[in-house]
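Protein chains in written order, with the numbering used here: chain A, 61 to 305; chain B, 75 to 398.
These are computed hints drawn from the structure, not numbers from a lab. Note that the structure is predicted; figures quoted are calculated from it, not measured. Ideal Cβ positions, reconstructed from N, Cα and C, are used throughout, including at glycine. Treat the hints with caution; some may be incorrect.
[Stated by the list, open to error] Going by beta-carbon spacing under 7 Å, a handful of chain B positions derived as facing chain A:
1) M301
2) A302
3) R303
4) S304
5) E306
6) V313
7) A315
8) T316
9) L322
10) F382
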Amino acid sequence: MMSNLADMTNVEEGETPVVSLNNVSVRYPSGHVALAGVSLTLNRGEFAFLVGPSGAGKSSLVGLLVRDVLPFAGEVHVAGYSVHDLPTSDVPYLRRRVGVVFQDFRLLQRRTVRENTAFALEVTGAPAEEIEVAVERALRIVGLGKLADRYPDALSGGEQQRAAIARAIVGNPELLIADEPTGNLDPLISWEIMELLGQINQLGVTVLVATHDSDIVTTLRRRVLALEGGRLIRDEQRGTYHRVS
Amino acid sequence: MNSAAPIIESAKAKEGECCDGEMSRAQNTRLLRLSASAAMNGLARNRLATIAATMTMTLMLLVLASVLVIRAGLDAALSYADSKVEVVAYLKVGASDARAEELRAEILKVNGVRDARYVSADEALAGFRERLKERGEPDLTGELDENPLPPSFEIALDDPSQTARVSDSLSKLPSAALFGRIVDGRALAESLASVTSALRAVGLIVVIGFSLAVLAVVVNAIRLAVMARSDEIAIMRLVGATSTWVRLPFILEGLVIGGIGALITLFIFGILGAGVSTLMLNLFRVLPVETSAILAGQVAISVLAAGFGLGALGALLSLRGRLN
C-alpha cells in the first residue's frame, strides 16, 4: 500500500505527463478560432490555475481534455490517451480517468449525495461492494460523511460543490478539472473548496482549476496558465492572476 | 494525509482488471439490472405517453394479425383453386366407362399434364345431388329416366398458366372425337389470383401505414423519457458511461411498450381464436384445419417480432443524434 503511494507521488523525471498539448488549435464550425497553437504539459501531481478573460479559450481547453471539443490541429494527450485521434467508443474510458466539477454543481436532484456519488461508478459497471467502499472514501475526503443521505436541495452551495467533487474523485481519476468551481460561492466557502482541491492534489491527483477568482490565484501562488484570445500568453510557476510588470 | 494510500492503490488495481472495452458477465448483469430499473422508472414517469404508445402498438399489431390471418385464408383458397381442375374435358353424354383407362393414358401423354382424374357419369350425378342438398334446393334428379350428365376428365397441369395450350393439344388427340367439350378452368383461378394480390397489396399498405404511425408514437414517448432524463444522461456521459449504458434503458422502454402491445394482441386473438377459425372456415370453406396451428404460431411470432422490433426501432430513432 505504502509503496504504491510512493510510486505515485514521487514524480520521476521523464515520466509521461498527465496532460500534454502540442501546438493545439480549436476552430468551431462558425470559423471562430477558440485556441491557437497552445502547447503545455501538466505532470503527475501538479496543481495549476487556468486564468483569462471570458472568451479567452478556457472552456475550449477544458472541453479538449475530456474530448468534448476536438482539436482542429495539434495533439492532445490526457491520462495516457491520444485524445486527438481517440475513437468515439474509447471516449468513456478517457472520461473515467478525468473528474470534472462545474460552477453549477450538476448534481441529480432526485438522488442523495451518496447516490449522486455512487452514480458515477454504477454507470461504469463497477461491482456494488467496490462502489460502496469508494463512495465512503470519497465522501470522507470531501467531508460529507454526515450529510450523505441528504438531497442536494437540502445542502448549501459549498456542500453541493463538495458533493460534486466527491462524484468527480470517486473513480480515482488521474486528473481533476474544476471549471469555475467557486463561481457561485461566497469568498469564505470558496477558500474551503480551494483548500479541498489542494488536499486532493496532495493525494496524487493532478488538478487544473479554471477560475476568475483573482484573490485566490494571487494568494495561493501556484502554477498559472493564462489564456488570452486563444493563446497561452503566460505559464508561470508560483504565478499571480494578473501579469506582474 | 493517510487516506491517500487507498485511493491510489485502488486506482492501480482497477487498471489491471478491466478497460479493454470488454465487459464481464457480472458487468452485463449489472447493466441489465440498472437499465431495467431506469426503464421502469422512465415508463412510470411518463405514464400517459407510455399508455398511448402501448395502445397504438396494440391496435397496429391487431391489424397486422388480422391481415396475416386473412392472407392465410386467401392463400389457402388460391392454392385450392390452383390445385383444382384446371381443364375439364367432358366426354359425350352416354360415353361408356370402358375406354376411360385408355383415354386417360392418352391424356397423360400430353405435354404439361400432371394428372387426370376420370369422373364417371354416376359420380358426376352424385356430386350434383350433393351440391343441391348443400344449397337446400329440391332434388328433382330422381324424376329423370337416365343420367343427363356426361363423364369427364378433371385434368391438373404442371403450370396453371398453360391451360389454353393444353386444351388445344387435347382437342387434337386421336380420340378427340370422344370429347364433347373442353373447358378451360383458368379464368376462375385468374380472377381469384388477382383479387388475392389486390388484397395482399392493400394489407401491406395498411400494415406499413400503421407501423409508421406506431413508430411516431413510440418515438414521441421515448423522446419524452430522454428529455426527462437529460440531466442524468449528461452526467452519465461526463463520468464515462459507454453509449450502451446510456441507451439501453430507453431501448428497454421501447421493448416493453412493444412487448406489452404484443401480449395484449395475442391475448385478444387467443380469446377470439375459435370464433376467427369458424369465420375463416365459413368465409373460405377450404382452409385446411391442420394449418390453423401453424398459422397461430406464425401470427404469434410475427406479432411478437413486430412489437419488439417497432419498440426498439422507435427507441433508436428517438435517440439518434441526441447522445453524442
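Evaluation of the provided hints:
Because the closest C-beta pair between M301(B) and chain A is about 15 Å apart, greater than 7 Å, the hint is violated. Hint status for A302(B): violated, given a least beta-carbon distance of 11 Å to chain A, over 7 Å. Residue-level restraint check for R303(B) is violated (minimum Cβ-Cβ distance to chain A is 10 Å; threshold 7 Å). With 7 Å as the threshold, the beta carbon of S304(B) stays out of range of chain A, its nearest partner Cβ sitting at about 11 Å, so the hint is violated.
For E306(B), the interface hint holds, the least distance from its beta-carbon to any beta-carbon of chain A being 6 Å, beneath 7 Å. About 4 Å separates the beta-carbon of V313(B) from the nearest beta-carbon of chain A, less than 7 Å, and the hint is met. Among the interface hints, the one on A315(B) holds; its C-beta lies about 4 Å from the nearest C-beta in chain A, closer than the 7 Å criterion. Against a cut-off of 7 Å between C-beta atoms, the interface hint on T316(B) holds, since the closest Cβ of chain A lies about 5 Å away.
About 11 Å separates the beta-carbon of L322(B) from the nearest beta-carbon of chain A, more than 7 Å, and the hint is not met. Hint status for F382(B): violated, given a least beta-carbon distance of 25 Å to chain A, over 7 Å.
Hint compliance for this structure: hints 1, 2, 3, 4, 9, 10 are broken, all remaining hints hold.
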